[in-house]
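Let the hints inform the model, and build the full structure from the sequences given.
From first to last, the protein sequence lines stand for chains Y and A.
Take the position in the first sequence, starting the count at 1, then add 1; the result is the number in the numbering used here.
Take the position in the second sequence, starting the count at 1, then add 1125; the result is the number in the numbering used here.
Source of the hints: derived by calculation from the structure; they are not laboratory data.
It should be emphasised that the depicted structure is a prediction, and the values quoted were computed from it without experimental measurement.
None of the hints are false.
To give an idea of the chain Y side of the interface with chain A (calculated C-beta under 7 Å), a few residues: (1) Ser20; (2) Glu26; (3) Leu27; (4) Pro219.
Cβ coordinates follow ideal geometry from the N, Cα and C atoms, glycine included.
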Amino acid sequence: MCGQCGCETESQSAEKNVSTPRRVELRQNVLDKNDRLAEHNRALFRHLLVLNFLSSPGAGKTTLVKRLLRDRDLTTSVGPLHQYVDPLRAGVIVGDLASDRDAERLRQTGVPVVQINTGNLCHLEAEMVAKAAQQLDLASFDLLIIENVGNLVCPAAFDLGEDLRLVLMSVTEGEDKPLKYPTMFKSAHAVIISKIDLATMVGFNREAALHHLHLIAPQALIFELSAITGEGLASYYTYLSEHIFQCCDKGIITSS
Amino acid sequence: MHELSLMEATLAIALTQTQAAGASTIHSLELQVGTLSGIVPEALAFAFDVASAGTAAEGAELRLKTVPTRCYCGDCQQEFQPRDWIYECPHCHRLSTDICQGQDLILASLEVS
Chain Y
2 MCGQCGCETE SQSAEKNVST PRRVELRQNV LDKNDRLAEH NRALFRHLLV
52 LNFLSSPGAG KTTLVKRLLR DRDLTTSVGP LHQYVDPLRA GVIVGDLASD
102 RDAERLRQTG VPVVQINTGN LCHLEAEMVA KAAQQLDLAS FDLLIIENVG
152 NLVCPAAFDL GEDLRLVLMS VTEGEDKPLK YPTMFKSAHA VIISKIDLAT
202 MVGFNREAAL HHLHLIAPQA LIFELSAITG EGLASYYTYL SEHIFQCCDK
252 GIITSS
Chain A
1126 MHELSLMEAT LAIALTQTQA AGASTIHSLE LQVGTLSGIV PEALAFAFDV
1176 ASAGTAAEGA ELRLKTVPTR CYCGDCQQEF QPRDWIYECP HCHRLSTDIC
1226 QGQDLILASL EVS
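Listed below in structure tokens is the structure:
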């Protein structure tokens, strides 16, 4: 009781301060939120092949995506998709902190492209991809390409709902990339060694790079190619077309 | 990495659970940080000081526990803890791609009143 006016206020406060803390067991995964949203994307994208391209800035993602889109007839003429007459129908979501230069480059190939500007955020998250996808007519696509923000660190932790995660490393970056960014390379379905036309010029140690990839990312298929000269693209396109065919084979794709 | 936004997400869960338990003050939080998560415990601790200010968690004790990476070897049918980023089974020396622990950030428990 308060010694001055007789009210109960102070003693009630004192009781609260000495109440014994009790333990609440939770075991809640804080990273769940993006994972759940990614699964939601996966359901939305179930009739498509969805690719997530990741790399450090300047490894050649946009150039490779542009080459794939320009060659999209080729993707249907190699591998098991050759019986399809129509060219591949694709849409793109591209993420950068700022500017729409990459989107503009890719729109030159005639496909619909949505540019996400992340502001200060250095990676794409599932929710951003879901919002961007609302601007695309997904039902009309066979393939959705997501070009992530150039960054080998943070994007690794964010599932976007993709089918295949493709990590690029260019010969100009050296052969130690997998050792330096193990989390990213361990998350890859395939690693694409890009700009191989420059390998000799920059003294790229191919054997060391392949060895490092084997140690750090034994799960990843490896493609070595140049989006400029076209070297190495055939096996890469066969790989993609086999995956598109698997989506088709589920009886979900419709060809006009 | 993004320890501040992760801590904000953690505190949102903690505050909701505190209310659900009929409590109003958080005395401590136990967070388990997987080594493969990319999350830096020291940065998480700093972010906690910032994010908890003015909330029921202000002044609470943050207990951080590091959870090591564990892999599974399908050939030997047993788990192992890799020494480094090369996930080599210590018994058969094959490289494992099966990660069974270490990728998560878990809010394990709270002490509330």
